[in-house]
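Trainee: Read off the chains here:
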Amino acid sequence: MRRLLFLLKKEFRQIVRNPFMLRAIIMVPLLQMLILVPAITFGIKRLDLAVTDNDRSPASRELISKLAGSTFFKTTAAPINIAGAGALLLSGDADLVLIIPNDFSEGLAGMTKPRLQVLVDAVNSTQAMLAWSYLTSVVRDYNMDVVMATGAAPSAIPGINTSPRYWYNPTLNYKHFMLPGVLVILIIAIGLMLAGLNLVKELETGTLEQINVTPIRKWELIISKVIPFFILGLLDLALGLTVGWIAFDIPFEGSILLFFACSAIFLVAVLGMALFFSTLVSNRQQYLFVAFFFTMIFILMSGIFTPSESMPRWAQQFNWINPVAYLMRINRMVMLKGAGFSDIARDMGLLSVLAMGFISLAIRGYRKRA
Amino acid sequence: MEREKVIEVRDLVKRFGSFTANDRLTFDVYRGEIFGFLGANGAGKTTAMRILCGLSRPTSGKVTVAGIDSHRPEEIKKRIGYMSQRFSLYEDLTVNENIELYGGIYGMTMKEIRPRREELLRRLSFTGYGNTLILALPLGLRQKLAFAVALFHEPEIVFLDEPTSGVDPVTRRQFWEMIYETASRGITVFVTTHYMDEAEYCDRITIMSEGRIVALDTPSALRQQYGTASVEELFVKIARPQRINA
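Note that the protein sequences, when read in sequence, are chains A and B.
Per my numbering, the first sequence runs over residues 125 to 494.
Per my numbering, the second sequence runs over residues 39 to 284.
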């Protein structure tokens, strides 16, 4: 135990003397919060909508002005033919093309069935589906106007009227969804990069060999690397949260204590993983490769952007050992829904098991022999 | 009087895949002696030393260091000091902090460390350097300090892996004075070196070539046996690899 205190003293002295470390600890949370939170959004605004109006009737003009009035679309006139429309999609000048056939107003008048054609750039399928649903909602509105103009009372129009209330994020603010996720990434950045590289650096410079020839115990060495970065990570989390609070006015529904408790468990898991990775490699370049590779997988599979529930079964099974997935879920539940301990107890428990697992892997994996 | 063996090596073999780094090494080292390990680059000196320090395991053979079998390396580590080829003190810590760290790792308290540290600094004429970062010390002083740190917990045996490479002649001389002083206190010094003049300072030397021991005796006995005027000449005569692998 006394030995551990000597080792901790050494680590803290080195951290305090390292100007890069201090800069990183302050700049990383600031930049991550101020850049990632507002930048990553799936909310779609001002899609480029090209309209080919072959009808040129008051009815078609009315539809176009309705679309132009929506904040979702920026309308432009498009060439008459379908090939020209295709070229617009191909060059990216338009995200979707609406073609109004020349019998559109005749159709509305009841002579034929009124039809519209929409071509959507679906390279990004999420965006395509959102664009399509925005467009159809405008058309449905327009349809309603037309029907009402015929004199029918709204109540006479059959149909179910649904009106949504968006719970936990009533204004559908994407920042509220992303911020808890970005806080998770912040912990990963500090834990995985700073702690892992620290141990590998000692391996590279040769100081670790000197340590290995002492009777030091493996757990003492590993824990002496965990504790300093654990403290740094929590400080950074507090800093990131404060920045987020001030800059984005995120509602914090749940208990801050619970939030920090879960983040602390997660941080231990990340540090265990970092130190385990560092036992597998022989230099910093290899470490960065391994750490970067696994971080990417863990983050993308965690449900930060796309709900993990809609991932294939095997992916969901993988997430059993993905610490990021647990905290991603917990953070959003606690911050946005105000979930309490009993709601997240299971995830917390499993995350603790993972944390213990990674720490023991790091201790077992560490070799005092080269 | 029977001299006390502190290192016993019998038929030590170390293989890396198909490459045999140490081929049936057998030797003893006695308490308080300066035992020199010589050999060309790649002869297997460092491999053997790392096994003796518990940093590597023998493929076969029996190794006992300070009375402890090599299968219990952590017990061996309590009783030895080691100074590696690469400089291994923490450059971003001060002289005092490095000494304190290693003292603490070997289980000493600050109370025990402080007086011994002051005495050590005085002996090295380092007084006044206590709060200097290692980074700011010239290489020679660093090496002397590294040696002193390896001895700080008073081990039975100290292993020095090419301790004087890259050091100026004056510091080298001082370094060897430290080695003598250490041996006179009954601490066994096991040293590998490239410098043949240094080999002359050893009580006994071992010459390795291609993983084998090709000579082991006092420098003067070996010179006589091979009829050479210096260890250097002797080394060139017997340690040269017999063949060059294509």
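Hints are computed from structural coordinates only; laboratory data are not their basis.
A virtual CB, placed ideally from N, CA and C, is assigned to each residue, including glycine.
Careful, some of the hints might be misleading.
Here are the computed distance ranges between Cβ atoms for each label pair [what the hints assert, rightly or not]:
| no. | chain 1 | residue 1 | chain 2 | residue 2 | range |
| --- | --- | --- | --- | --- | --- |
| 1 | A | 163 | B | 79 | 37 to 47 Å |
| 2 | A | 408 | B | 171 | 45 to 55 Å |
| 3 | B | 49 | A | 330 | 23 to 33 Å |
| 4 | A | 362 | B | 98 | 28 to 38 Å |
| 5 | B | 129 | A | 125 | 19 to 29 Å |
| 6 | A | 408 | B | 274 | 36 to 46 Å |
| 7 | A | 144 | B | 42 | 46 to 56 Å |
| 8 | A | 480 | B | 98 | 31 to 41 Å |
From the derived model, a few chain B residues whose C-beta atoms are all more than 12 Å from chain A [as the list claims (entries may be wrong)]:
| no. | residue |
| --- | --- |
| 9 | 132 |
| 10 | 142 |
| 11 | 184 |
Trainee: With reference to the structure, classify each hint as holding or not holding.
Mentor: Cross-check of the supplied hints:
no.	hint	verdict
1	A:163 to B:79: 37 to 47 Å	violated, 55 Å
2	A:408 to B:171: 45 to 55 Å	violated, 23 Å
3	B:49 to A:330: 23 to 33 Å	holds, 31 Å
4	A:362 to B:98: 28 to 38 Å	violated, 56 Å
5	B:129 to A:125: 19 to 29 Å	holds, 28 Å
6	A:408 to B:274: 36 to 46 Å	holds, 40 Å
7	A:144 to B:42: 46 to 56 Å	holds, 51 Å
8	A:480 to B:98: 31 to 41 Å	holds, 38 Å
9	132	violated, 9 Å
10	142	violated, 3 Å
11	184	violated, 8 Å
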